[in-house]
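Q: Sequence:
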Amino acid sequence: MKKVYICILSFLVLCAAFSICYFLSYRYALIKFNENANERNEEFMQNMDREQLLADSNVISSEQPEEDSLEVNSDKNEVIGADARFVVQSFDLITSSYSETEENIPAYFIGLKREEVISYLNDYMSNVSLDEYQKGLISYELISFSDEKVIVKKTYNSANIDFKYFLQVYADTIVVYYCDKKTIFEYTDICVSSLPESEQLKLNYGIEVKDDEELYGMLENYTS
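Here the sequence shown stands for residues 139 to 362, where the numbers follow the numbering used here.
If you are wondering where the hints come from, they were derived from the structure by calculation, not from laboratory data. Hints should not be assumed to be uniformly reliable.
[Stated by the list, open to error] Quick list of in silico lysine-lysine cross-link-like pairs, DSS-like style, CA-CA up to 30 Å:
no., residue 1, residue 2
1, LYS319, LYS287
2, LYS273, LYS302
3, LYS320, LYS302
4, LYS348, LYS319
5, LYS292, LYS340
6, LYS273, LYS340
7, LYS302, LYS251
8, LYS251, LYS273
9, LYS292, LYS251
10, LYS340, LYS319
11, LYS319, LYS273
12, LYS348, LYS287
13, LYS287, LYS273
14, LYS292, LYS320
15, LYS340, LYS320
16, LYS292, LYS348
17, LYS302, LYS340
18, LYS287, LYS320
All of these numbers come straight from a predicted model, not from anything done at the bench.
Sequences and hints are given; from them, build the entire structure.
A: Encoded structure:
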């Protein structure tokens, strides 16, 4: 009879242990679910804010003179002439500031058709210069096209730039990039394999650095 009680007791203990494990697993899954839900909600709100900013940009652009709001619907065979006027509109989403300048037509635009200009602007955004990246350029679009006048618009959002430098590993040394993560600011002779494993892991993923003070502080710590 004693063995029966022991078996029953053991069974109950196992059931209790299983229930506790199940409960803890459920709690952990619930916490992770809530964290993911919060992250998705934050991403959704950020997207909504971005869409609202772009909408505001379009509203301001629509308030410009009618000449600047022409649709891009010119003759497909029309090409840009050497004497064409070239107007650049600039809009900052953060400050809501708008400016418009007229420049000489860039040499590489002369002779281009509308589709070729659009293709050039798309390529420009695919390989943004460091200067434009630091300003927060997020779009470059064709507003109006004719053989006599071309209007383009640049939209900036400086809030997109959260850091100035980016540290990464190359050939077991630390390389400092600018915020675009492709333009090199400085090569260092700091050996990554000599650093603690935790720092090696961070560097393998890449480290964002806010400003010059933080950069030189980190490099000094790595060499001390």
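Q: All hints, please: hold or fail.
A: Comparing the hints with the structure gives:
In summary, the hint linking LYS319 to LYS287 is not supported, as the alpha carbons are separated by about 36 Å, beyond the 30 Å threshold. For the suggested pair LYS273 and LYS302, the alpha carbons sit about 11 Å apart, so the restraint of at most 30 Å is met. Our distance criterion of 30 Å between C-alpha atoms is met by LYS320 and LYS302, whose separation comes to about 12 Å. The straight-line distance between the Cα atoms of LYS348 and LYS319 is roughly 13 Å, inside the 30 Å bound, and the hint therefore holds.
Between LYS292 and LYS340 the CA atoms are separated by roughly 35 Å; this puts the pair beyond 30 Å, and the hint is violated. Between LYS273 and LYS340, the direct Cα distance comes to roughly 27 Å. Compliance with the 30 Å bound is thereby established for this hinted pair. With a C-alpha separation of about 38 Å, the suggested pair LYS302 and LYS251 falls outside the 30 Å cut-off, and the hint is violated. Between the alpha carbons of LYS251 and LYS273 the distance comes to roughly 29 Å, so the proposed pair stays at or under 30 Å and holds.
The suggested pairing of LYS292 with LYS251 holds, with an alpha-carbon distance near 20 Å, which does not exceed 30 Å. Proximity of LYS340 to LYS319 is assessed by CA-CA distance (about 15 Å); at most 30 Å being required, the pair is judged to hold. Between LYS319 and LYS273 the CA atoms are separated by roughly 15 Å; this keeps the pair inside 30 Å, and the hint holds. Restraint check: the Cα-Cα separation between LYS348 and LYS287 comes to about 42 Å, which exceeds 30 Å; the hinted pair is violated.
Pair hint LYS287 plus LYS273 holds up; C-alpha atoms about 26 Å apart against a cutoff of 30 Å. Note on LYS292 and LYS320: the hinted pairing holds, with a Cα-Cα distance of about 22 Å set against a maximum of 30 Å. Of the supplied pair hints, the one linking LYS340 and LYS320 holds, its CA atoms being roughly 18 Å apart against a limit of 30 Å. As the CA atoms of LYS292 and LYS348 are separated by approximately 25 Å, the hinted pair is consistent with the 30 Å bound.
Using a Cα cut-off of 30 Å, the hinted pair LYS302 and LYS340 holds, with the two alpha carbons roughly 17 Å apart. Distance check on the hinted pair: LYS287 and LYS320 sit about 35 Å apart at the alpha-carbon level, beyond 30 Å; violated.
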